[in-house]
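Enquirer: Take the given structure of chain A and dock chain B to it, following the hints.
Protein chains: 2
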Amino acid sequence: MSTDAEQSGAPRRRQGGRSARVRDAVVAATVAELEESGYDKLGIAAVAARSGVHETSIYRRWKTRDGLVAEATFALFERNIAVADRGSLVEDLTATMSAAGRYLDSPLARAALQFGLGLPRDADTTRELRARWSARFQAFEQIFERAAARGEWPAEVDSRPLLQALIGAVYLRVHVLREPVTPKHLRPLVEAVLAVRPH
Amino acid sequence: MSTDAEQSGAPRRRQGGRSARVRDAVVAATVAELEESGYDKLGIAAVAARSGVHETSIYRRWKTRDGLVAEATFALFERNIAVADRGSLVEDLTATMSAAGRYLDSPLARAALQFGLGLPRDADTTRELRARWSARFQAFEQIFERAAARGEWPAEVDSRPLLQALIGAVYLRVHVLREPVTPKHLRPLVEAVLAVRPH
Numbered sequence: 049m050s051t052d053a054e055q056s057g058a059p060r061r062r063q064g065g066r067s068a069r070v071r072d073a074v075v076a077a078t079v080a081e082l083e084e085s086g087y088d089k090l091g092i093a094a095v096a097a098r099s100g101v102h103e104t105s106i107y108r109r110w111k112t113r114d115g116l117v118a119e120a121t122f123a124l125f126e127r128n129i130a131v132a133d134r135g136s137l138v139e140d141l142t143a144t145m146s147a148a149g150r151y152l153d154s155p156l157a158r159a160a161l162q163f164g165l166g167l168p169r170d171a172d173t174t175r176e177l178r179a180r181w182s183a184r185f186q187a188f189e190q191i192f193e194r195a196a197a198r199g200e201w202p203a204e205v206d207s208r209p210l211l212q213a214l215i216g217a218v219y220l221r222v223h224v225l226r227e228p229v230t231p232k233h234l235r236p237l238v239e240a241v242l243a244v245r246p247h
Numbered sequence: 049m050s051t052d053a054e055q056s057g058a059p060r061r062r063q064g065g066r067s068a069r070v071r072d073a074v075v076a077a078t079v080a081e082l083e084e085s086g087y088d089k090l091g092i093a094a095v096a097a098r099s100g101v102h103e104t105s106i107y108r109r110w111k112t113r114d115g116l117v118a119e120a121t122f123a124l125f126e127r128n129i130a131v132a133d134r135g136s137l138v139e140d141l142t143a144t145m146s147a148a149g150r151y152l153d154s155p156l157a158r159a160a161l162q163f164g165l166g167l168p169r170d171a172d173t174t175r176e177l178r179a180r181w182s183a184r185f186q187a188f189e190q191i192f193e194r195a196a197a198r199g200e201w202p203a204e205v206d207s208r209p210l211l212q213a214l215i216g217a218v219y220l221r222v223h224v225l226r227e228p229v230t231p232k233h234l235r236p237l238v239e240a241v242l243a244v245r246p247h
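Sequence lines, in order, name chains A and B. For the first sequence, the working numbering assigns the number 247 to the last residue and increments by one with no breaks. For the second sequence, the working numbering assigns the number 247 to the last residue and increments by one with no breaks.
Treat each hint with caution, since some may be false.
[As the list claims (entries may be wrong)] From the derived model, a few chain A residues whose C-beta atoms are all more than 12 Å from chain B:
1. LEU177
2. GLU200
3. SER207
[Stated by the list, open to error] Pairwise CB distance ranges (calculated):
4. B:THR174 x A:SER85: 42 to 48 Å
5. B:GLU139 x A:GLU176: 44 to 50 Å
6. A:ALA171 x B:ARG169: 23 to 29 Å
7. A:ALA187 x B:ALA196: 34 to 40 Å
8. B:ASP172 x A:GLY64: 53 to 59 Å
9. B:ARG108 x A:ALA93: 28 to 34 Å
10. A:VAL205 x B:HIS102: 55 to 61 Å
11. A:SER67 x B:ALA80: 31 to 37 Å
12. A:VAL205 x B:GLU200: 17 to 23 Å
13. A:GLU103 x B:GLN162: 31 to 37 Å
14. B:ALA183 x A:ASP88: 31 to 37 Å
15. A:PRO236 x B:ASP172: 43 to 49 Å
16. A:ALA171 x B:GLU200: 38 to 44 Å
By construction, these hints were calculated from the structure, which means they are not laboratory data. Glycine residues also receive a C-beta, built at the ideal position from the N, C-alpha and C atoms.
Next comes chain A alone, as it looks inside the complex:
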C-alpha cells in the first residue's frame, strides 16, 4: 500500500495524512499509559496530555474509554507477540505460540484479559471485538500461507480452526492449567495439532 509518505522515504503509516497521525499518537499514548500505570488508572485526560490531542477529539473518534483501551490492547498484542518466520511451519508456530504464552503470562496481559472479560456483551461491542480478533488472526495465518508457498502445508486446508486450537491451548495452559509454554513444551502440542505423527 504505497502512500506519498512512503515515496518520500518518510515512515510508512497505515492510512495517509493527519487523521492517521492523530490516531497513531493517541494509541501510542494510551499504550504508554497502560504500560506505566495499568488498566484501572487509565484516564483520557492523561492520554490527551501525553498525545497532544484534545479530549473532545479523542471521544469523537473512539466514543468511549473502553473503545480506545481495546484498540490499544490489540496494539500491545501486535507489539509483544512477534510472528516468527524461520522457514519451518512447526518452528514458526512453536516460536510464535511460545512468545504469545510469555506475553499472556505478564501482569499487563493479565490485566488486559480482565479488561476483556469485563467488557459489555452487547451486539456492537461483540461485533467490534470479533473484527479485531479476525484481523489479529490474519497475521498468524501468514505462517500457514508461507508454509504453503514452500510446499510444506496443503494450501486448501483452512488454518483458522487450527490457530484457534493452538492459541486456545496456550491461553488454557497460562490461565487455567498452569502448564509451561516454553518452545520445548509447546512443540509437541503444535505437532499434534498439525497431525505430525511421531516417527
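Expert: Frame of chain A; chain B shown alone:
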C-alpha cells in the same frame, strides 16, 4: 472399585466410610452455596450449617476457604459437563465440547474463572490445580479410549494435547473471541483438530 457399600446395594461412594460421607456432604453444601449465592459471598459458616459438619472439621481437611471452593468448582464442572458417549469420536467430542462451552458461558462458570485467575501462584496451589485438571482430563480421555476400542482412533496417539487444543479453543471462543459454541459451530473445529480432512 467394589466396596462393602456396593456389595450391599447401597449407593457407591468414591472412598469407604464416614470420611467420605463428611467430604461429600461438605462439597455438596459448598456447591449449593456457590449456586445460590455466588463465589464472593461463600462463607465456611454457611457451609458448616448446611452440611452439619463443624467449621473446625472443614478447616482441618481443606486448610483454606480457597481449597474447599476449588474442590467444589471441579465438582461443578463434572456435574455440568456431561461426557458424551454416542458411539462416534467426532460426535462425542462435538457434544462434549459444546456442553463445556454452554456451561463456561454461564454466570457461575464465569465467576469460577475469576476465582481461578485470582488464586495465588505459589508452588502448592499450582501443584494442586495441575493435579485436579489432570484428573478432569482423564474423564475426557475416555472419549478417545472408547474410539480406539471401536477401531476409530489409533490407540497409540496421545489424546491429551488434542484435548488441550479443543478445550482451549472452546475457552477462547467463549471468553475472548465471542464466537458461538453450538455443535454446528464446533464440529468443523473438532474435525480440523482430528485431521479429518473434508471429503
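Enquirer: Are the hints correct? Go through all of them and say.
Expert: Results for each hint:
1. LEU177: 6 Å, violated
2. GLU200: 16 Å, holds
3. SER207: Non-interface label on SER207 of chain A violated, nearest chain B Cβ at 9 Å vs cutoff 12 Å.
4. B:THR174 x A:SER85: 42 to 48 Å: Once the Cβ atoms are compared, 29 Å apart, the range 42 to 48 Å for SER85 of chain A and THR174 of chain B is violated.
5. B:GLU139 x A:GLU176: 44 to 50 Å: Between GLU139 of chain B and GLU176 of chain A, where Cβ atoms are some 34 Å apart, the hint is violated.
6. A:ALA171 x B:ARG169: 23 to 29 Å: Between ALA171 of chain A and ARG169 of chain B, where Cβ atoms are some 36 Å apart, the hint is violated.
7. A:ALA187 x B:ALA196: 34 to 40 Å: 37 Å, holds
8. B:ASP172 x A:GLY64: 53 to 59 Å: 57 Å, holds
9. B:ARG108 x A:ALA93: 28 to 34 Å: With Cβ atoms ~53 Å apart, the hint is violated.
10. A:VAL205 x B:HIS102: 55 to 61 Å: 60 Å, holds
11. A:SER67 x B:ALA80: 31 to 37 Å: 57 Å, violated
12. A:VAL205 x B:GLU200: 17 to 23 Å: 22 Å, holds
13. A:GLU103 x B:GLN162: 31 to 37 Å: 32 Å, holds
14. B:ALA183 x A:ASP88: 31 to 37 Å: 36 Å, holds
15. A:PRO236 x B:ASP172: 43 to 49 Å: 27 Å, violated
16. A:ALA171 x B:GLU200: 38 to 44 Å: At 40 Å between Cβs, range holds.
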